[in-house]
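*Asks:* The residues making up each chain are set out below.
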Amino acid sequence: MKALTIVTTLFILTLFFPAFPLKAQNADELLAKMDQLMNAPNDKQGIVEITLIKKSEKEKVREAQMMQKDGKRLYRYTQPENQAGIATLSLPDDVMWLYMPAFGKPKKISLLAKSQAFTGTDFSYEDMEAKTYAERYAPKLLETNADNYMLELTPKDEKSDYSKIVLTQNKQYYYPEKMEYYDKGGDKRKEATYIYQKIGKYWNASEVVMTDLKKDHQTKITMTDVKFDQGLSDDVFSVENLEQPKE
Amino acid sequence: MTEAIIKFKWIIVVVVIALTVFLGYQIKNLQINSDVIDSLPDDDPDAVLFKRIGEEFGGNNMGIVILETDNIYKTEVLRHISQITDTIKNIEGISSVTSLTNIIDIKGGDFGIEIGKLVDEYDFPETVEQLQMLMERVNSKDLYSGSIVSKDGTATLVIFTLENYSTVKTIAEEVKQKVLALDLPENIYFTGSPMLVTYISDLIRTDLIRLIPIAFLLIAFILFLSFRSIQGVVLPLLTTTIAIIWTIGIMVLIGFQMSMISNNIPIILLAVGTAYTIHVINRINQLKETNMDRAIKMALKYITIPVILAALTTVVGFISFIFGAYLKMIRDFGIFTAMGTFFAMLLSLVFVPAIISMISKPRKSKNDIEVRVRKSYLSSNFLTPLKILLFKHPKYILISWTVLLLISVFGIFLIKRSVNIQEYFKKGNPTRLAEQIMEQKFSGTKPIFVLFQGDMQSPEVLKMMIKTEEYMKQSPDIKNTQSVADLIVEISDVLGEGRKIPDEKDQIEQLWFLIDGNETLQRFVSDDLEQGIILSNFVSPENSAKKAFASYMRKFIDENSSPECKIQITGMPFVDITMDRSLINSQMGSLSIAIVFVLIIVALILKSFPSGVYATIPIIAAIVILFGFMGFAGIPLNIATVLVASVALGIGIDYSIHIISHFNHSYARSQDVVVALEETIMISGKAIVINVISVSAGFLVLIFSQMVPLQYFGMLIALSMLGSSQGALTLLPVILILVYRRKKR
Chain G
1 MKALTIVTTL FILTLFFPAF PLKAQNADEL LAKMDQLMNA PNDKQGIVEI TLIKKSEKEK
61 VREAQMMQKD GKRLYRYTQP ENQAGIATLS LPDDVMWLYM PAFGKPKKIS LLAKSQAFTG
121 TDFSYEDMEA KTYAERYAPK LLETNADNYM LELTPKDEKS DYSKIVLTQN KQYYYPEKME
181 YYDKGGDKRK EATYIYQKIG KYWNASEVVM TDLKKDHQTK ITMTDVKFDQ GLSDDVFSVE
241 NLEQPKE
Chain A
248 MTEAIIKFKW IIVVVVIALT VFLGYQIKNL QINSDVIDSL PDDDPDAVLF KRIGEEFGGN
308 NMGIVILETD NIYKTEVLRH ISQITDTIKN IEGISSVTSL TNIIDIKGGD FGIEIGKLVD
368 EYDFPETVEQ LQMLMERVNS KDLYSGSIVS KDGTATLVIF TLENYSTVKT IAEEVKQKVL
428 ALDLPENIYF TGSPMLVTYI SDLIRTDLIR LIPIAFLLIA FILFLSFRSI QGVVLPLLTT
488 TIAIIWTIGI MVLIGFQMSM ISNNIPIILL AVGTAYTIHV INRINQLKET NMDRAIKMAL
548 KYITIPVILA ALTTVVGFIS FIFGAYLKMI RDFGIFTAMG TFFAMLLSLV FVPAIISMIS
608 KPRKSKNDIE VRVRKSYLSS NFLTPLKILL FKHPKYILIS WTVLLLISVF GIFLIKRSVN
668 IQEYFKKGNP TRLAEQIMEQ KFSGTKPIFV LFQGDMQSPE VLKMMIKTEE YMKQSPDIKN
728 TQSVADLIVE ISDVLGEGRK IPDEKDQIEQ LWFLIDGNET LQRFVSDDLE QGIILSNFVS
788 PENSAKKAFA SYMRKFIDEN SSPECKIQIT GMPFVDITMD RSLINSQMGS LSIAIVFVLI
848 IVALILKSFP SGVYATIPII AAIVILFGFM GFAGIPLNIA TVLVASVALG IGIDYSIHII
908 SHFNHSYARS QDVVVALEET IMISGKAIVI NVISVSAGFL VLIFSQMVPL QYFGMLIALS
968 MLGSSQGALT LLPVILILVY RRKKR
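Protein sequence lines correspond, in order, to chains G and A.
Each residue of the first sequence is one higher than the one before, counting from 1 in the numbering used here.
Each residue of the second sequence is one higher than the one before, counting from 248 in the numbering used here.
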């Protein structure tokens, strides 16, 4: 009798919680939650340190002040010494403005090829795009384990350099822990690992390490002195401001 | 000693088998290294710099796929280029791929900078106008025209770099297989160091697999014809095979690799090494002794010294390469062939008697009769007429030789030298065709590096690089140069700052922000920014062009190099010049060492200096004829043919030694020149003829080699064997006749 009860209970449970449709729905929601977490603050600023690591070579460190709002991102470099004052302003629609003090006027750079590496890092322009993940990728839930959701993200743009990205998402807070990038030949090409910390009411990636598995090269980005919702004005993200920093 | 061999025959056989199994097992780790660059010497500054730059800047890791068709500006062709590009990109171990369909195109103008692709691989140009536009864009930039696409638009390159050089063969193999598997209608060729090295390795492997069995069977056949006994075939081949296994096994054990020269060690040992065992068996068979052990002892007493000396002269011929050889692989070849020759000799004197003693049954005394019967064919058709001619017309023979030698001396002046790697391949070989396309439609494949030591971000250094590049391009053999200075000029241009190196250092430092960490940058500047190179290629294979360019560049460097900006130049053409010069030095060096040593050895054996001189005359004559033939036949002196003379000397001297020692022996007994010479020619002459046939046959197998220098090597050695044996059988007896006639008077 007891066995029968268990079987019946299981049967009823499955009726109420149909596994597959639930998963499909979940994937979109999970990705949306990640986008939401990443874009929650109105604005964000901090000190970014970019370290380029290659085996057998000296590490290279760059430091910049970073400000971000509404898909616009401003970097003002402070290190290395001889590149101090260089500033980049990334705007939506793949436009970047570059200011180099030794040359004066800012230059507009249009990015038609996004697979290019961003100035020597292991991040491509595609990886750094301001658009949300949901806008760029179609998600599919692969599995759920004790701590994580595993999602497969398929690029919506056929020009993407990747065939898919496998995302390991924190089950409790929805932030990404790991992203594995697969090339069009189906081989794992790059891997990013994230360390998220809660600062005030927001979650923030305090460290991202991107490893190019083929080139055996790493880029580590850490962020300190993070401040949120400082009410950064739109003027901060203007081309004119690249030249003369407004505090 | 002979007692011991028979007493401990079981131990000897077991030890030999154990050693053979152990060393044979090592051979499975045998690696083939066909990279000439690895073989460059550490005492030539050009070669050292060339190797260093290749390693530090990764210049040797670049492979190239050439796609050739009537017109590459067609949608279908672009699609195929893209297929090749993607195929290579997805291969494990490839760190980057550059082709027409994925190369970045940076445009500058009033609108700012536009970073895009030259060809949109997701939206190929299809209309005539679009394709025309692409062609115009390509032709407008040196970065594309002549470097990625040929100026006439009939060929294009897919250039890839390997991440790690140690796996070059597997990766290159995969590239070749996968690209060919696409089965594209255009002509596809492969070139560049990784592809070339892999291809040569393949040739070496097929040569080994194909040629050794042929040589083996051929020599077995000749042995059978000469001895008509299983023992006479099996024992010589067995001892040589063991000697080969030992040699290659030791080579692997102490960390040497098989090179494009040492791959003919087995063939050479097969040809040379069988002789020692033949002598031993022959001597045992000639004895009428019925007790085998006693026969062995008696035979060894006679034969040990001659066999050791015959081997010693051959060893000297090989060892002579250690001195004066430019490439390490030639030196290694000399050492290991000498080692193998020594093993073959050792085995024939120790292992062969032990085996014979082990397997022998009580003998029947039938052998001798057979030997005498067989002797007659060769005797009546060749040796007897020869003998008659010698005594009737010694002066005619002498005059014929003199004329032949004079003609040959004239030929020596016609000998060309070649260090051009392309000539290693047969005509019509795909690698050779690829090289031709690279020379005619692109900028060649012989790398040139100009090294700058100074601050790579200083305007002065960068401007000097540009100046150097402009100077280089005035040479007819330099079509293209690349450096970090070009990159800076290009970026300065798109930023609207003019096509030039900025005048201020801080401007350069900031421009650097855009190229920092870029993969291509590693090919041009060192990590600490204290060294940078100009990368270029040299077109002409001619030595005179290389020399002219070297002095042209040295003049510029002398005038422009400074402590702040030190300039050095190296590259394959520079290495070639030294290699070319060293061919002569190496030839003279090894040959004179070999002659001197052989003369001393022979004089010691014969216990007379004049006899030593007489014995070396035929072989020197044979070498003069060899060089004369090379001159007239247009066979160049190259890294393989440079070996022929000394090898021929080492092997060919044996014939003279046999003739002279036999003659001295007979003459001492009979005191009659005619009788002594007759006996010598009829008995030793036969042995010599058989030996020449088997040794030459072994070397002639090399004619089937995939590599042209080895074909020449085999042919020329065979020719030298013929020359030295004829010298020993005709010239030497005539000299002896004339010398003894004068003595009588």
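Among the clues, some could well be false.
If you want a taste of the chain G side facing chain A, the calculated C-beta under 8 Å gives, among others [as the list claims (entries may be wrong)]:
1. D183
2. K188
3. K214
4. Q218
5. K220
6. I221
Just so you know, the hints here were simulated from the structure itself, not pulled from any lab data.
The beta-carbon is built from N, C-alpha and C at its ideal position, and this holds for glycine as well.
*Asks:* Answer holds if the nearest beta-carbon of chain A is closer than 8 Å to that of K188 (chain G); otherwise answer violated.
*Replies:* 11 Å, violated
*Asks:* Regarding the hint that K220 (chain G) lies at the interface with chain A, is the smallest CB-CB distance below 8 Å?
*Replies:* 13 Å, violated
*Asks:* Under the criterion of a CB-CB separation shorter than 8 Å, is I221 (chain G) in contact with chain A as hinted?
*Replies:* Violated, because the Cβ-Cβ distance from I221 (chain G) to chain A comes to roughly 14 Å (cut-off 8 Å).
*Asks:* Does K214 (chain G) hold up as a contact with chain A if the rule is Cβ-Cβ below 8 Å?
*Replies:* Cβ of K214 (chain G) sits 6 Å from chain A, so the hint holds.
*Asks:* Does the interface hint hold: is D183 (chain G) within less than 8 Å of chain A, judged Cβ to Cβ?
*Replies:* Since the shortest Cβ distance to chain A is 6 Å, the answer is holds.
*Asks:* Under 8 Å, Cβ to Cβ, is where Q218 (chain G) needs to be relative to chain A, so tell me if that hint holds or is violated.
*Replies:* 12 Å, violated
Hints 2, 4, 5, 6, counting from the list given before, are not met by this structure.
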